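On the provided structure of chain A, position chain B as indicated by the hints.
So the protein lines, in turn, are chains A and B.
Using the numbering used here, the first residue of the first sequence is number 1, and each one after it goes up by one.
Using the numbering used here, the first residue of the second sequence is number 1, and each one after it goes up by one.
Treat the hints as calculated values from the structure; they're not laboratory data.
Predicted, not measured: the structure shown is a model, and the values here were computed from it.
It cannot be assumed that every hint is accurate.
No more than 30 Å apart at the CA atoms, straight line, and that leaves these computed lysine-lysine pairs for DSSO-like [stated by the list, open to error]:
1) K129(B) / K129(A)
2) K81(A) / K21(B)
3) K21(B) / K80(A)
4) K168(B) / K80(A)
5) K21(B) / K81(B)
6) K81(B) / K80(A)
7) K81(A) / K81(B)
Number of protein chains: 2
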Amino acid sequence: MLLMEERIRRDGRVGPGNILKVDSFLNHQMEPQLYREIGREFYRLFGDCGVTKILTIEASGIGIACVTAQFFDCPALFAKKSRTKNIDGQVFTAQVESFTHGGSYTVMVSRRFLGPGDRVLILDDFLAKGNALLGLIDIVEQSGATLVGCGIAIEKGFQEGGRMLREKGIRLESLAIIEAMDEDGIRFRQGT
Amino acid sequence: MLLMEERIRRDGRVGPGNILKVDSFLNHQMEPQLYREIGREFYRLFGDCGVTKILTIEASGIGIACVTAQFFDCPALFAKKSRTKNIDGQVFTAQVESFTHGGSYTVMVSRRFLGPGDRVLILDDFLAKGNALLGLIDIVEQSGATLVGCGIAIEKGFQEGGRMLREKGIRLESLAIIEAMDEDGIRFRQGT
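So here's chain A without its partners, still in its complex pose (with noise of 0.2 Å):
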């Protein structure tokens, strides 16, 4: 999606830690025109595919979740991370592992909003090592769910979650892919 790489180009900021910074207008400030064409790309993608919800996790996929709802016309449903382990019967659970702050945390997700007769489409904000996205596919696995395919506004292509993902067989649309970045510069992968 030109309009996405164009956008991290021109506001994107990579600082030191090699750390891309889209704070601006993606997951602190939400840009709404750019969140309207995120949702329409989304619908342009997965539209066709029976989408019955989308699902994502707090707290930077909420926005674009709902926004691309609007579009499908179906509920959005965002799976709550929590630290603690002791959770009652009635939600599903994934354990993922998180780099950035280390250790691990539970996400969670309510059996009354997922079933068998769900057909699931997964939206978040970044793709890296794809832990959170794993933990997501996961609930939608043990609720009996037809997950659909995942869709990420900005994949970090030289982290190893995107070719994991593909190579599981899920359809995975990143609308711009980060090949490399340095404090000089940023560069896409061709042809997304």
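Only chain B this time, still in chain A's reference frame:
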């Protein structure tokens, strides 16, 4: 907003400890049509106030803020919660007391995204004691921006937050105000 009251009556559940559960449509699963009408209603109420930024707090305010921002065509910004007080000078911070989880946490917003030229609408899903809202208002004041008002999906009118904020002269618009509730039913404040 009749639609919100009807939805709470139909799908809200009052659980043990007098907790209102609205997770089937508002703060876990999020209904696209309801979200659209929430955005439309906040725009009807505040659309002539010259809003330049919508401010909310993670996690469940984010969806409301993003969908409402589509009507205002202005950026939405979410304050991040952190347990750490060691934050650099690039952010506005406020302390918020938490009654659900005990203790207090820090909310923060990057200084780059709020300033004296901004006219801010604060949105959130729930208002009870009003502590999170006070934290957001504190951040707006620190930035020198103008607070246009606060929009809330569901106000617990039997807790003190709403009265306290209105007594400060803050324009507070709640789409549904619950006057009383127990496991037998929910009574709304008239004329909202």
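Each hint tested on the structure:
no.: 1; hint: K129(B) / K129(A); result: violated (40 Å)
no.: 2; hint: K81(A) / K21(B); result: holds (18 Å)
no.: 3; hint: K21(B) / K80(A); result: holds (15 Å)
no.: 4; hint: K168(B) / K80(A); result: violated (34 Å)
no.: 5; hint: K21(B) / K81(B); result: holds (22 Å)
no.: 6; hint: K81(B) / K80(A); result: holds (14 Å)
no.: 7; hint: K81(A) / K81(B); result: holds (13 Å)
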